[in-house]
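J.: Take a look at the letters that make up each chain.
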Amino acid sequence: MDFAAIKDELAKILSKDKLLTEELDLMYYSYDSSFFTQMEPSVPQAVVFPTSTEEVQKVVRFAYENNINIIPRGAGTGETGGCIAVNGGIVLDLSKWDEIVEIDARNMQVIVRPGVIHARLNEELSPFNLFFPPDPGSSQMCTIGGMVANNASGLRAVKYGTTEQYVLGLEVVTPTGDIIYTGGMQARCIKNVSGLNLTKLMIGSEGVLGIITQIRLRCWPKPKARGIAMAVFDQLDDAPATVLDVYKAGILPSGIEILDSSAIKAVNEFKPEINLPNCEAILLFEVDGNPPSVDYEGRQIKEIADRRARSVEWATDPQRMAQLWEGRSVTASAASRVRADGTRVFAGEDVSVPLSKVADTLRAIRALGEKYGIQVVNYGHIGDGNVHTAPVINPEIPAEVERVMKLVDEIHHLAIAMQGSTTGEHGVGVVRRPYAKQEHGQAVEYMQKTKAAFDPKGIMNPGKLF
Amino acid sequence: MEFKELPPVKEQIMKCVRCGKCRSVCPTFAEIKDETAAPRGHVFMVGMLRDGKVEPTEDVYKRLSNCLMCETCSVNCPSGIDIHELNAAARSYIYDKNPSVGKELVFDTMWTRPGLLKNSVRLMWFAQKSGLQKLGRTIGITKLLPGDLPKAEKILTDVPYRAAKNQLGEVNPAQGEKKYRVGYFLGCATNLLNPEVAKATVEVLTHNGCEVIIPKDIKCCGLPHIANGKMETARQLAAHNVKLFNSYDCDYIISDCASCSSAISHKNIEFLLGGLKIEDQAFEFADKTMDLTKFLIEVLDVEPPANPKAKKIRVTYHDPCHLANAQGIKEEPRELLRRIPGVELIEMKDANRCCGGSGTFSLTHYDMSMKILDKKMDNAMMTGATKLATCCPSCMMQLRFGANRNNWDAEVVHPVVLLAECYKKTPALKV
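As they're listed, the protein sequences go chains A and B.
Counting with the working numbering, you get residues 3 to 468 for the letters of the first sequence.
Counting with the working numbering, you get residues 240 to 670 for the letters of the second sequence.
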């Protein structure tokens, strides 16, 4: 079907304000946060903004009947090209569909449409003394739909796990245009083992199996108190060693984050008032719970960290805690500040390795940076072995681009060699697809068969995952 | 300088990692909610323009102009990109390729000549007072105005008859011992629309030992020109003002208008005149500039006379974008208000969120501007204040319209006007 015909047909399904077809508008949908789309943007044939399940269903049925690709998109904050029409098609921008359908406080659940922003959800839950624990660095801008589709997590996964632990059920429009309800979408129970677990299958499926149109989430009671310990290290290796010491002492912080010397520099450049000390590495331990337990665990962590650290700051002042936490959460984009004529690129940024190999991995990544002559900023969720690496380059210099691609490839292979994974939370999308066979072997064929069962024509977000 | 060679265009576009942080803070994006209005989208489009992948057409201009130039994205950008400067540079580039007669008339002819601008405002006053404006609205003549102006012209209410410059002298001597010679950058809007603010500024400054110079030939600060793609005109205006003020040998150059004080700030003067022949003179000028509120607190440390009988007034404060975002001045106006006897300062939610006025934005994007304004008014009215203070004539105009539209009888006022009232009954100490 040609472009003009697609445009005409979509105009019959959706009102004018829910449709973009002018070429200039479509260009804005050629990117996400990935370096891949910075280098190779792909322009879709149309962008639609459905705000009801029926509208999604109509668009999907039209696409299915006419063999047109459908690419779901949230806020476009992904780092893998996952929401990009790499083979053309219709982008379904779900970020305008941001209704909180129901807060069922007594059953500790909330039902949301896919476009709800993470930070807003927690603001709305707060008066009920509830919260949705996963805490991505992109909390202010990412959507819950995107979080589910990528099984996102973030700074508090150490204690609270990833998005999948909180999804009770989903409403999904399948690639053939059916509307299905998975798990407990239409129930209100918390435990539910009835049937094949299609909810888990959909979570992290990156839009290749269907469009998530409604989400029932489990919420947790909001902790009453919180504190942050900042430990300052002169030796990089002492940081991961201290993490293991804390676990050995029987303490489970809600978050453990690392910033290396470059990341510290970047944060201080962005927000000088945060004033992180210059050193080889900083660990941020967040503990939450009841006031006495927070106090006890904070003191314990301080005592343990003091053995290896140059100094440890224990903060319970809300303003200081907010500063430290913000410093960490903005590192991803602030990393660019370490080089005046450069920028950090989102590539090779999300490896996950065993806790016992974090120190080796950090050292190896630094060595790879030196090998390719590229500055790397390391930070991330060290508490669960999820290391974020930010190579800083000048993307307008082709030789640097070539070198960074080699660096990234080696980082991905390194992660697999360390018995880890190429991605801990950002997903596969286009950019980590080449490693699927190496990571999953024959299981990839079963993934493909599963997709074919849902999507016989292969129209749903093709070119991603495997 | 060629578009591609402008420092922000050359150096900053590649810094955008498209993290989307800007989506979470942009007031325009909050209304439009699609990527074409996201600040990172604007950065992307400026990059496309720079690389010649899109032509500098009015269609591109239209998309880039879905931006208040409030700078909220720039101050929140983790990569440190001056997104508003990129946007302004691109608008100017497109404008140069697609000149428009209407804009030439407004920005090159009228808004560069203080006399002509004053006469236009006089005409507006006459139209309002004679009932012509009402008649025009009734018979629909105002609908013939271009763009959103037919709807937006009603924002322009209550134009005073006498401009500030007609009421104030060029040299206003200090009362008591002279501490500083202060150049007063009297902006167009304060001069023509809010002369009471200008008079209060001069009263407060002279009362606190400043000799206040108001050069006769001040021209517009150039900010409306930057926002509307007239960068070259903005440069010429800035160069004129630099030379003019430098000839007075002032200790400080202040403005009570947030937009003007940001336009004459070092950062903006560098953006306009950096690298040009006039650079040294421009920096000599810019090193002396300061917003009035900062000058009153940091330099003069004003302390209005105690007045136990002062009537209690509940005041809420709206941060003008050009003060809070462009210059990081948030605390000084609040501190000034707190020092005024009787004032109880009540913070509104999102005090630093744009009111949607943004200079000419409310005139060119009326509907969007009203959506943003209504959110602001909801937050302001929740405070129960009887006065809504702010430091920008464009915000004042917009907020007055907002109060009117919401039947809220709070007075919109510049803090310096409240401060000046404290001095009225207290003569300066003679040394």
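If you're looking for bench data, these hints aren't it; they were derived computationally from the structure.
Fair warning: this is a prediction, and the values are worked out from it, not measured in the lab.
Glycine residues also receive a C-beta, built at the ideal position from the N, C-alpha and C atoms.
Errors might be hidden in some of the hints.
[Unchecked claim] Pairwise CB distance ranges, derived in the manner of DEER restraints:
1. 482(B) - 312(A): 49 to 59 Å
2. 129(A) - 455(B): 40 to 50 Å
3. 588(B) - 190(A): 27 to 37 Å
J.: Determine for every hint whether it applies to the structure shown.
T.: Now for the hints, and whether the structure bears them out:
1. 482(B) - 312(A): 49 to 59 Å: holds (55 Å)
2. 129(A) - 455(B): 40 to 50 Å: violated (58 Å)
3. 588(B) - 190(A): 27 to 37 Å: About 34 Å separates the Cβ atoms of residue 588(B) and residue 190(A), which means 27 to 37 Å holds.
Of the numbered hints stated above, the single one contradicted by the structure is hint 2.
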